[in-house]
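In the order they appear, the protein sequences are chains W and V. In terms of my numbering, the numbers along the first sequence are unbroken and rise by one, the last being 280. In terms of my numbering, the numbers along the second sequence are unbroken and rise by one, the last being 476.
Hints are computed from structural coordinates only; laboratory data are not their basis. Quick caveat: nothing in here was measured; it's all calculated off a predicted structure. Do not take every clue at face value.
Only pairs whose alpha carbons sit at most 30 angstroms apart, straight line, appear in this in silico DSS-like list of lysine-lysine [said to hold, decoys possible]:
1. 106/W to 263/V
2. 106/W to 151/W
3. 92/W to 373/V
4. 447/V to 118/W
5. 118/W to 448/V
6. 105/W to 448/V
7. 375/V to 26/W
8. 366/V to 96/W
9. 105/W to 37/W
10. 26/W to 448/V
11. 255/W to 92/W
12. 96/W to 163/W
13. 254/W to 263/V
14. 163/W to 373/V
15. 151/W to 118/W
16. 316/V to 366/V
17. 255/W to 373/V
18. 96/W to 263/V
19. 373/V to 254/W
20. 373/V to 96/W
21. 375/V to 254/W
22. 118/W to 96/W
23. 448/V to 255/W
24. 37/W to 373/V
25. 151/W to 26/W
26. 254/W to 257/V
27. 263/V to 118/W
28. 118/W to 257/V
29. 257/V to 96/W
30. 92/W to 375/V
31. 255/W to 366/V
32. 106/W to 92/W
33. 96/W to 149/W
34. 263/V to 255/W
Residues from chain W that keep clear of chain V, each with C-beta distances beyond 12 angstroms, as calculated [to be verified]:
35. 73
36. 245
37. 249
38. 255
39. 272
Cβ coordinates follow ideal geometry from the N, Cα and C atoms, glycine included.
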Amino acid sequence: MAAPVYRKATLVSRKENPKGYFHLVIREEQIAQTAGPGQFVMVRGWHTGDPILPRPFDIVLADPLKGVFRLCIKVEGKGTRLLSTLKKGSSLYVTGPLGKSITEFDSSGTALLVRGAGAAAVVFLAETLTKLKKPVFTILSASTKSRLVCRALLEEFSNDVFIATDDGTEGYHGNGTDILDQLITEGKVDTVYTCGSHRFARHVKALDLAGKVKGYLFLEGYMGCGMGDCHGCAVKKDGEDGYFLVCMDGPVFRSRTVVVDS
Amino acid sequence: MRVSPDLSVEIAGVPFPNPVMPASGAYEVDEIHDNFFSPSELGAVINKTIFLHPRPGNPPPRIWETPCGMLNAIGIPCDGAEAFIWDKLPNLRKLGPPVVVSIAGETMEEWIELSELIESTGMADLLELNLSCPNLSDGIPWSTEEKTLERVVSAVVSRVKLPVIAKLSPVVTDIADMARTAEGAGASALSMINTYKGMAIDIKRKRPVLGNVTGGLSGPAIRPLAVWAVYSAYETVKIPIIGMGGIDGPTAAIEFLLAGASAVAVGMYNFIDPFTMKKTIEGIRTYLLEEGYSSVREIIGMAHTRA
Ligand SMILES: Cc1cc2nc3c(=O)[nH]c(=O)nc-3n(C[C@H](O)[C@H](O)[C@H](O)COP(=O)(O)OP(=O)(O)OC[C@H]3O[C@@H](n4cnc5c(N)ncnc54)[C@H](O)[C@@H]3O)c2cc1C
Ligand SMILES: Cc1cc2nc3c(=O)[nH]c(=O)nc-3n(C[C@H](O)[C@H](O)[C@H](O)COP(=O)(O)O)c2cc1C
Ligand code: FES
Chain W
19 MAAPVYRKAT
29 LVSRKENPKG
39 YFHLVIREEQ
49 IAQTAGPGQF
59 VMVRGWHTGD
69 PILPRPFDIV
79 LADPLKGVFR
89 LCIKVEGKGT
99 RLLSTLKKGS
109 SLYVTGPLGK
119 SITEFDSSGT
129 ALLVRGAGAA
139 AVVFLAETLT
149 KLKKPVFTIL
159 SASTKSRLVC
169 RALLEEFSND
179 VFIATDDGTE
189 GYHGNGTDIL
199 DQLITEGKVD
209 TVYTCGSHRF
219 ARHVKALDLA
229 GKVKGYLFLE
239 GYMGCGMGDC
249 HGCAVKKDGE
259 DGYFLVCMDG
269 PVFRSRTVVV
279 DS
Chain V
170 MRVSPDLSVE
180 IAGVPFPNPV
190 MPASGAYEVD
200 EIHDNFFSPS
210 ELGAVINKTI
220 FLHPRPGNPP
230 PRIWETPCGM
240 LNAIGIPCDG
250 AEAFIWDKLP
260 NLRKLGPPVV
270 VSIAGETMEE
280 WIELSELIES
290 TGMADLLELN
300 LSCPNLSDGI
310 PWSTEEKTLE
320 RVVSAVVSRV
330 KLPVIAKLSP
340 VVTDIADMAR
350 TAEGAGASAL
360 SMINTYKGMA
370 IDIKRKRPVL
380 GNVTGGLSGP
390 AIRPLAVWAV
400 YSAYETVKIP
410 IIGMGGIDGP
420 TAAIEFLLAG
430 ASAVAVGMYN
440 FIDPFTMKKT
450 IEGIRTYLLE
460 EGYSSVREII
470 GMAHTRA
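For reference, chain V alone in the conformation it holds in the complex:
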């Protein structure tokens, strides 16, 4: 009898039972999802990014379908950190898999306050800094400017013991430089990538489609760009990478693992097939069996020519 391959991986010292998790903002844990599969089967769970204070989000239209993808300008609506800690975090905690808490700050002080607040709950295993949304006062995401990235990551890392994941924006000259900067500032892992900035125009109204004018592009359309981002960062940094961007099943997920991701996240495909993450876990297991590997860890980064 063939032994089932070991799917477990480790991100910043935290064991994940398997390498598949949701991407922040694209999957909720609630009773609506009860008839699909249990989130306790996931490699990790994560919340939609929260800010310290409640925010309404952007005016509609917030989403627009594009070839092989979608634009979104949701604007991260949230009820604030208090509501999250009381209403949502305990539900994530009791599922079983490690809990990643995704946060964002509008100011440096907010990043620090929110990080400390989340750590003080004792309910998070990892902290993901969503550095890639354009909410800084000057409109530039935290992770598109090396000095800013360095400042915010090192500030958070110096205040909390929780391992910190830096979620990077691909809208930069060279994402490997940003990966190195985040690592240098003390990040324990990277999430790559957030969406690409884009827009669509309604030719009848002759105006941008989205209420926010621009939005972030996700889905299979960005997958080759995301695989390249992970591949190039893997050559540059030693910390583990969570790869994402257009994963629609096991084949795409395995591409990311071979490129150097230690785990993968599924975003918009959860909207199309709510079983995508479960099918991805099963498909990775089948692939490892067929290819004769005993652990998923053996294939991480295998696409690199270096020995």
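Bound-form chain W, shown alone:
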């Protein structure tokens, strides 16, 4: 896997969709050329002492020919608010690509079960699987219709996209995990990736432990460096003592190997 670079990069475009989520397209050729599905970047758009640390974001898509990559950022606190106000042409400092790229694509059918900013994490994987002509079924969940994230991209790279909303404003009125269970019963998927909801993570882990699917989690965790220097991003191992580092051993983990917070 290519070692990460630290570069001053340029913001090519910024678009809000849906409200509170910003798609940033960033020019940095080496990252665009070496990034793989599952990898992330550490981003700093400031020279301040507060915020001071860079922030981790998944690489939504990378275009090696154009030398650009895309992030989808949900405004949460200080850092993401600053990033959401950057003007086109602004400079950002990026380190990446970081984390392990997903390299196993031998499933007969893959389900992507995502909610909120978690949708951003799986687009690259969906694109890769589609290029390999592997079936992809996406279950995109949100509180309401207007909060569905990365919808157009996921529709482009999935055989089917199932929408689930908590209030029933679109698609299935209820829990996205019901749709997943149905897909498994129909024999369409043997592998599941999930991101963006603890409830989803617990459900996928239970299915994995029951031997019904191979379950994978995209994990988040407070990060200082993103590259193994600080040991800040620990997640507890399941079945043995000790911790993994999300930035070095992940961010994607087989669900049965890690403890999922309740």
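Guided by the hints, dock chain V with the ligands onto chain W, whose structure is given.
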């Protein structure tokens, strides 16, 4: 043509090609760092503190950002001394710069056993005793109580020939007293400072943020405190000081040198800009050229009024 200034310094008889090194626990030498700069350009290299036996480290959350700094409660996870000696130490050794090995013990016996073990590898140039982590059975760091500090430093010094650096905690009444105690016990150099104890509280959960409740504060937030610690120790001891605490580039590093540090270490800023140490080395060189000094050694301690 102007001659490039001499950046070399000496710590306890060991020549450092330049005065900039990583702070323990904040920089790894591995392939992930290959595209940044070569660690062979550093003044010295150092490992994250190791204990004799493997330890898992603290439960998450382990870090928390604060204004101009961060709290950490990593808890020094490590695979134990054997794994370090086989897997990591040879990689540090072959880089070129002097190798500082940072160690800590949970008991007096462990300090001694680990020191002797590291010396026996022949791969270390200096031994740094991380006396500033709260892992003593009664929860008090080794370097916050003069008698304990004296006991552990003199025990290690009496057993090994390697020069010993005592890394001090700033969470004391007067760090200059601790510096004098470490010197008296036979330490050949001091590393100042480790982090300040602090905490943050999540106002929604109404609980401490960190899994370990408290953590150590590092970063530019502590820099003036660290500069003062170095300055006051320099007035008190003759052994060289490695200064650290919030160094984010050459200006901060030069502050420490002027305060009396013979070398400086960069901690959390490696997370923010992985080129910080390289930029610091280059910036010190430029400063010396601009200010007309031929050696970095000329400016060490210059901020003191004494002649
Ligand atoms: C591997 C990884 C990939 C991620 N990918 C995305 C993504 O594609 N899109 C997206 O919107 N978000 C993503 N996140 C979460 C994102 O990093 C946080 O929302 C962001 O750091 C919040 O920063 P802030 O300054 O706005 O929040 P603040 O609350 O002000 O941040 C304070 C500190 O807490 C950390 N922090 C706060 N929330 C989180 C969180 N959920 N996860 C990790 N650290 C956090 C910050 O990094 C910072 O150090 C990802 C996190 C990780 C670890
Ligand atoms: C994440 C983190 C881990 C650290 N781990 C260690 C350690 O293992 N041993 C040690 O002696 N100091 C450790 N330190 C302290 C640093 O070496 C340094 O003394 C302190 O952080 C001040 O420097 P800074 O402000 O440049 O970070 C750690 C600091 C941080 C931020
Ligand atoms: S974020 Fe620093 S080790 Fe993972």
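Verification of the supplied hints:
1. Only pairs whose Cα atoms come within 30 angstroms are accepted, and residue 106/W paired with residue 263/V is rejected, the gap being roughly 45 angstroms.
2. The hinted pair formed by residue 106/W and residue 151/W fails the criterion: a straight-line CA distance of about 35 angstroms is larger than 30 angstroms.
3. Straight-line distance between C-alpha atoms of residue 92/W and residue 373/V comes to about 20 angstroms, which keeps the hinted pair within the 30 angstroms bound.
4. This hinted pair checks out: residue 447/V and residue 118/W have alpha carbons roughly 27 angstroms apart, not beyond 30 angstroms.
5. The suggested pairing of residue 118/W with residue 448/V holds, with an alpha-carbon distance near 29 angstroms, which does not exceed 30 angstroms.
6. A C-alpha spacing of about 28 angstroms is found between residue 105/W and residue 448/V, which places the hinted pair at or below 30 angstroms, so the restraint holds.
7. Note on residue 375/V and residue 26/W: the hinted pairing is violated, with a Cα-Cα distance of about 39 angstroms set against a maximum of 30 angstroms.
8. In summary, the hint linking residue 366/V to residue 96/W is supported, as the alpha carbons are separated by about 25 angstroms, within the 30 angstroms threshold.
9. Taking the CA atoms of residue 105/W and residue 37/W, the gap is about 17 angstroms. The hint holds against a cut of 30 angstroms.
10. Between the alpha carbons of residue 26/W and residue 448/V the distance comes to roughly 15 angstroms, so the proposed pair stays at or under 30 angstroms and holds.
11. Under the criterion of a C-alpha separation no larger than 30 angstroms, the hint pairing residue 255/W with residue 92/W is consistent with the structure, at around 28 angstroms.
12. Between residue 96/W and residue 163/W, the direct Cα distance comes to roughly 27 angstroms. Compliance with the 30 angstroms bound is thereby established for this hinted pair.
13. Taken as a hint, the residue 254/W and residue 263/V pair is broken in the structure, with Cα atoms around 34 angstroms apart against an allowance of 30 angstroms.
14. Between the alpha carbons of residue 163/W and residue 373/V the distance comes to roughly 28 angstroms, so the proposed pair stays at or under 30 angstroms and holds.
15. Our distance criterion of 30 angstroms between C-alpha atoms is met by residue 151/W and residue 118/W, whose separation comes to about 22 angstroms.
16. As the CA atoms of residue 316/V and residue 366/V are separated by approximately 21 angstroms, the hinted pair is consistent with the 30 angstroms bound.
17. A threshold of 30 angstroms between alpha carbons decides the hint, and for residue 255/W with residue 373/V the separation of about 27 angstroms falls inside it, so the pair holds.
18. Simply put, residue 96/W and residue 263/V have alpha-carbon atoms about 42 angstroms apart, too far for the 30 angstroms limit, and the pair is violated.
19. Straight-line distance between C-alpha atoms of residue 373/V and residue 254/W comes to about 24 angstroms, which keeps the hinted pair within the 30 angstroms bound.
20. A threshold of 30 angstroms between alpha carbons decides the hint, and for residue 373/V with residue 96/W the separation of about 17 angstroms falls inside it, so the pair holds.
21. For the given pair, residue 375/V sits about 23 angstroms from residue 254/W by alpha-carbon distance, which is consistent with the 30 angstroms threshold.
22. Taking the CA atoms of residue 118/W and residue 96/W, the gap is near 28 angstroms; set against the 30 angstroms cutoff, the hint holds.
23. As the CA atoms of residue 448/V and residue 255/W are separated by approximately 38 angstroms, the hinted pair breaks the 30 angstroms bound.
24. Taking the CA atoms of residue 37/W and residue 373/V, the gap is about 24 angstroms. The hint holds against a cut of 30 angstroms.
25. Distance restraint check for residue 151/W and residue 26/W: the Cα-Cα separation of roughly 36 angstroms exceeds the 30 angstroms cut-off, and the hinted pair is therefore not satisfied.
26. A hinted pair counts as satisfied when its Cα atoms are at most 30 angstroms apart, and residue 254/W with residue 257/V qualifies at roughly 24 angstroms.
27. The suggested pairing of residue 263/V with residue 118/W holds, with an alpha-carbon distance near 27 angstroms, which does not exceed 30 angstroms.
28. Proposed proximity of residue 118/W and residue 257/V is supported: the alpha carbons are some 21 angstroms apart, at most 30 angstroms.
29. For the suggested pair residue 257/V and residue 96/W, the alpha carbons sit about 38 angstroms apart, so the restraint of at most 30 angstroms is broken.
30. Between residue 92/W and residue 375/V, the direct Cα distance comes to roughly 25 angstroms. Compliance with the 30 angstroms bound is thereby established for this hinted pair.
31. At roughly 28 angstroms between alpha-carbon atoms, residue 255/W and residue 366/V fall within 30 angstroms of each other, so this suggested pair holds.
32. For the hint pairing residue 106/W with residue 92/W, the CA-to-CA distance comes to about 18 angstroms; that is within 30 angstroms, so the pair holds.
33. For a cut-off of 30 angstroms, the pair hint linking residue 96/W to residue 149/W is broken: about 37 angstroms separates their Cα positions.
34. At roughly 33 angstroms between alpha-carbon atoms, residue 263/V and residue 255/W are farther apart than 30 angstroms, so this suggested pair is violated.
35. Consistency note on residue 73/W: stated as away from chain V, yet its beta-carbon is not over 12 angstroms from all of that chain's, at 10 angstroms minimum.
36. Against chain V, the non-interface label of residue 245/W is violated: not every CB pair exceeds 12 angstroms, the least being about 5 angstroms.
37. Listed as a non-interface residue, residue 249/W fails to keep its Cβ farther than 12 angstroms from every Cβ of chain V; the least gap is roughly 5 angstroms.
38. For residue 255/W, the shortest C-beta to C-beta distance to chain V comes to about 9 angstroms, within the 12 angstroms cut-off, and the non-interface label is violated.
39. Remark: the non-interface label on residue 272/W is consistent with the geometry, its nearest Cβ contact in chain V lying 19 angstroms away (cut-off 12 angstroms).
Hint compliance for this structure: hints 1, 2, 7, 13, 18, 23, 25, 29, 33, 34, 35, 36, 37, 38 are broken, all remaining hints hold.
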